[in-house]
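> Residue numbers (our numbering): 1 to 303.
In case anyone wonders, no lab produced these hints; they're calculated from the structure.
In this text, a Cβ means the ideal position worked out from N, Cα and C, and glycines have one as well.
Fair warning: there could be bad hints in the mix.
Computed list of lysine-lysine pairs in DSBU-like fashion (alpha-carbon distance at most 30 Å, straight line) [to be verified]:
(1) Lys289 x Lys255
(2) Lys96 x Lys289
(3) Lys96 x Lys256
The calculated label-pair distances, taken between Cβ atoms and stated as ranges, are [to be verified]:
(4) Asp185 x Leu247: 27 to 33 Å
(5) Pro206 x Ile143: 47 to 53 Å
(6) Ala173 x Met150: 51 to 57 Å
(7) Asn149 x Glu219: 33 to 39 Å
(8) Gly235 x Ala82: 29 to 35 Å
(9) Ala92 x Gly233: 30 to 36 Å
(10) Asp281 x Arg86: 20 to 26 Å
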Amino acid sequence: MNIIFMTNNMAKAKTLTMLQIVLILLTVAAVSVALTLVIIVPQADGRNNPVKSLLPSQLQFTLHHPQKHLDALALQLGEMRARVMRLDALSARLAKMAGIKEPERELEVVPPPAAGGPQVDPEDVTAAQLQGDIAELSRLIEIKSDRLNMLEVMLLQQTMQQSMLPNASPINAGYNSSSFGRRVDPFTGRAAFHEGLDFTAAVGTPIYAAAGGVVTVSEQMPDYGKIVKISHGSGMETRYAHASELLVNVGQVVKKGQIIARVGSTGRSTGPHLHFEVRRDGAPLDPRKFLQRSAAKVAELQN
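Take these sequences, add in the hints, and give me the full structure.
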């Protein structure tokens with residue numbers, strides 16, 4: 001179908017097809033709708049506004065209440081800064097427990113919690129600035145959280161190492177009657193090397209594991225009498241000799257401070273006592289060094 005338009009002077013004639021007519025009508029309709037949305041709709045009530053209904057509720061709140069939006073961002077920023085300070089304090093305590101000095105030097109970004117400076121009007125702080133600060137604090141919190149995880153692993157490792165270190169007293173009663181090193185042998189009267197510590201105590205007094213480990217020997221031996229040997233790993237071993245009663249078996253896993261035997265006078269002994277040895281790769285070590293280290297650590301933590 002074609003429509004022919006004639007000018008007044010009949011000099012020219014223009015022909016439009018039906019497709020062109022439809023396109024023209026659609027263009028006119030679109031322009032009318034756009035003008036209606038721009039001119040008429042904003043004057044209507046906000047609840048009946050189809051344009052506003054297309055916006056997310058959070059964006060609508062921001063557009064209508066910009067100051068409240070800034071206040072909410074500022075509150076979130078303050079809470080995150082407080083969280084960073086708590087993470088710093090916790091990290092410092094854990095680092096001290098782990099024996100790490102100046103733990104925050106390489107990660108210190110947030111300044112000390114001091115305040116001051118000229119007054120800044122709220123409108124001078126933009127939402128973009130606050131959001132940037134929040135993003136930076138989020139990154140910092142993630143870094144400090146990773147550091148806390150690292151400190152936790154280090155503390156667990158130290159706890160395991162401490163539990164395997166023979167620094168707990170093997171006996172809570174009696175007294176040290178013979179030290180590690182050269183002494184006069186009580187049987188021969190000649191100089192001899194004493195490979196452990198002797199603790200004089202009554203028969204039946206509990207004997208405790210100086211560290212956690214695995215029992216490798218629990219039997220009667222000629223010189224040691226009834227003896228318990230415990231392996232603590234890395235070549236470390238402790239021995240508990242002259243017992244009257246053995247309370248653990250070979251292959252048994254024991255904890256630091258667990259009762260493993262009772263004081264006696266079996267084997268090559270002149271009276272009831274505990275003979276306590278610490279060895280590394282078979283070589284005897286002075287047990288006092290381990291026990292004194294434990295006492296020094298306790299004193300340090302108490303101070």
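> Now tell me if each hint is right for this structure.
Hint-by-hint comparison with the structure:
1. Of the supplied pair hints, the one linking Lys289 and Lys255 holds, its CA atoms being roughly 21 Å apart against a limit of 30 Å.
2. Between Lys96 and Lys289 the alpha-carbon distance is near 23 Å, which keeps this suggested pair within the 30 Å criterion.
3. Of the pairs offered as hints, the one joining Lys96 and Lys256 holds, with about 24 Å between alpha carbons and a cut-off of 30 Å not exceeded.
4. Between Asp185 and Leu247, the C-beta spacing of about 30 Å keeps the proposed range 27 to 33 Å intact.
5. Between Pro206 and Ile143 the Cβ separation comes to about 49 Å, which falls inside the hinted range of 47 to 53 Å.
6. Between Ala173 and Met150 the Cβ separation comes to about 42 Å, which falls outside the hinted range of 51 to 57 Å.
7. Here the CB-CB span from Asn149 to Glu219 is close to 45 Å, at odds with the stated 33 to 39 Å.
8. Roughly 49 Å separates the CB atoms of Gly235 and Ala82, a value that falls outside the hinted 29 to 35 Å.
9. A hinted range of 30 to 36 Å for the beta carbons of Ala92 and Gly233 is consistent with their spacing of about 31 Å.
10. A beta carbon spacing of about 46 Å between Asp281 and Arg86 contradicts the range 20 to 26 Å that was offered as a hint.
Hints 6, 7, 8 and 10 from the earlier list are contradicted by this structure; the remaining hints agree with it.
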